[in-house]
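Each chain, letter by letter, is given below.
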Amino acid sequence: MEQYYSYRIQIISIIVSLGFLFYVSRLIVKGKLREEYAIFWVVSTILLIIFSFWRQGLDIIAEMVGVYLAPNLVFASAIFAILIYLLHLSIVVSQLHDKNKTMAQDLALIKAELKELSDKKSE
Amino acid sequence: MTKLAAIIPAYNEEESITSVVEALLALRIDGLTVIPVVVNDSSKDRTAEIVSKLNCILLDLPVNLGIGGAVQTGFRYAFDKGFDYAIQVDGDGQHPAKEIVKLYDTMTSTDANIVIGSRFLTKEGFQSSGLRRFGINYLKNLIRLFSGVSILDNTSGFRMLDRSALALVNDSYPDEYPEPESIIMYVKNGLKIKEVPVLMEERQGGVSSIRYFDQLYYMVKVSLAIIYTYIRNK
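Protein chains in written order, with our numbering: chain A, 8 to 130; chain B, 275 to 508.
No lab work stands behind these hints: they were computed from the structure. A couple of the hints might just be wrong.
Stated by the list, open to error - Below, in silico cross-link-like pairs of lysine-lysine (DSSO-like), each with a Cα-Cα straight-line distance of 27 angstroms or less:
id : chain 1 : residue 1 : chain 2 : residue 2
1  : A       : K108      : B       : K462
2  : B       : K327      : A       : K127
3  : A       : K106      : B       : K318
4  : B       : K277      : A       : K127
5  : B       : K277      : B       : K414
6  : A       : K108      : B       : K355
7  : A       : K106      : B       : K508
8  : A       : K118      : B       : K468
9  : B       : K355      : A       : K122
10 : B       : K495      : A       : K118
11 : A       : K122      : B       : K495
12 : B       : K355      : A       : K118
13 : B       : K508      : A       : K108
14 : B       : K327      : A       : K106
15 : B       : K468      : A       : K128
16 : A       : K108      : B       : K318
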């Protein structure tokens with residue numbers, strides 16, 4: 008009975024991971040996701056798939072780093088990875104903000120310059 | 275002839291902008307040409323349309339940048355066009371044009387690179403509420419701790435900059451609530467700041483860029499900005 012349940016979750020996680028990998032790939036192909044941001048998603052999905060197939064691997068690694076319960080290792084590393092990725096996104100947003108500001112200012116200055124030129128011309 | 279750009283950041287100021295610009299155009303100071311430069315920060319009302327009919331420069335931002343980004347646009351214009359000085363004048367009528375001469379006199383008679391018009395040096399004119407004064411006092415102490423200079427009215431946007439200050443803000447200027455943290459930036463880059471007493475009016479229209487519920491956020495943000503500006507310019 009126990010064996011049956013554990014296989015079921017393994018199959019579910021393999022299907023979900025593969026579906027996710029497929030979806031990410033489609034986004035990249037369609038150009039909706041830039042490769043530099045896609046790397047994170049592809050790598051984490053591949054990790055998910057590896058551990059869906061190789062179930063003992065999780066226990067082995069948990070024992071290696073000294074975590075008593077393997078699921079805790081999963082949660083801890085997933086939360087850590089998400090935090091790092093969120094920080095990365097904040098950096099990206101900040102850079103975009105700066106670039107956007109410079110462009111808006113340049114546009115306003117160029118519009119004023121253009122108006123000055125056309126005023127001079129019509130004089 | 276010395277040229278002064280009066281930079282007016284305006285966000286939804288259709289009620290007051292005309293009188294602010296006209297007061298600046300009517301201003302006569304010996305040896306000084308004052309040119310109003312309105313920076314329309316993507317207003318939702320008719321500010322841009324009204325300003326385009328006035329005898330002044332309009333810098334029309336396509337997206338809303340906030341007060342810092344808008345003022346910097348004006349500073350960049352003044353720097354590019356070879357103005358000798360630039361002064362920031364609020365679009366809501368808080369900063370009376372006739373007070374500009376006080377800042378200009380201090381600018382020309384001392385070695386100051388930045389002159390700040392202060393409400394608090396003499397306690398006259400519009401003074402601001404108690405809680406806000408408490409915050410300004412806290413900022414004064416924080417700024418003194420990190421820069422060694424004591425600026426009483428550190429949130430005042432009524433400031434005149436010379437070309438060396440313009441060159442600095444041309445490169446970088448804070449976006450949100452720029453006034454207190456820019457003081458640190460000026461001092462750390464070796465510029466001199468002087469404060470002169472001015473009379474300010476209560477705003478004629480519009481709302482303050484610092485609203486009631488945002489005050490805690492304002493304090494935390496500005497405190498952090500002061501510390502990081504200090505480290506960055508060390």
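> Broken hints, numbered, in rising order?
Replying inline: 5, 8, 10, 11, 14, 15
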